[in-house]
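Take the sequence shown: its letters are residues 1 to 175, numbered as in the UniProt record's numbering.
Honestly, I wouldn't trust all of these hints.
BS3-like mimics (lysine-lysine), calculated; alpha carbons at most 30 Å apart, straight line [stated by the list, open to error]:
no., residue 1, residue 2
1, K20, K150
2, K134, K115
3, K115, K150
4, K134, K150
5, K134, K20
The set of hints was computed from the structure by calculation and includes no laboratory data.
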Amino acid sequence: MGMSVTISAAVDGDAEQILKLQYLCFQSEAEAYGDYAIAPLTQTLEGLRAEMAAGCVLVARLGEEVVGSVRGAVDDDGTARIDRLCVHPRLQRHGLGGRLLAAIEDRLAAERDAKRYQLVTGHRSEGNLRLYRKYGYTTTGSTGKDRQVKLTSMTKDVGGAAGGPGGSAAVRASA
């Protein structure tokens with residue numbers, strides 16, 4: 001019998017695994033843009049711990065291994081900024097990215113009174129763009145650059161279209 005992936009709040013002891021996973025997952029982005037100094041690859045452990053203390057960080061676990069992560073924080077105006085969604089390469093395209101996205105949306109709306117969601121991704125990151133569109137995000141423009149990466153901003157209102165069947169709490173998409 002195989003283990004199932006569970007999603008829960010990250011704890012301080014997860015920080016090193018999250019950072020290693022982030023580094024692994026963002027290699028393909030760095031390669032696509034020819035820039036290995038993008039923010040996800042240069043973040044420090046201290047920087048990640050500060051984000052964990054200030055915002056909401058979720059992890060997906062397969063047994064004891066962290067195989068996915070996402071983070072978010074809500075501004076004073078109710079805008080939830082979702083960031084650094086990543087899934088271990090061997091588990092991609094099995095719905096885990098969609099499950100993490102739905103879980104962070106639900107958590108930010110319920111616990112931090114989010115009114116809308118906002119995220120950014122690279123303009124050439126077709127897989128990411130496809131996932132976010134599937135879950136109801138619309139492109140709102142370009143937000144500048146992270147070094148060589150032109151960033152595309154996307155938003156969705158809380159309660160907006162969740163993409164797959166069953167709404168955001170019952171996400172069944174592939175990511």
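key: Earlier hints that do not hold, by number   = Result: no hint breaks.
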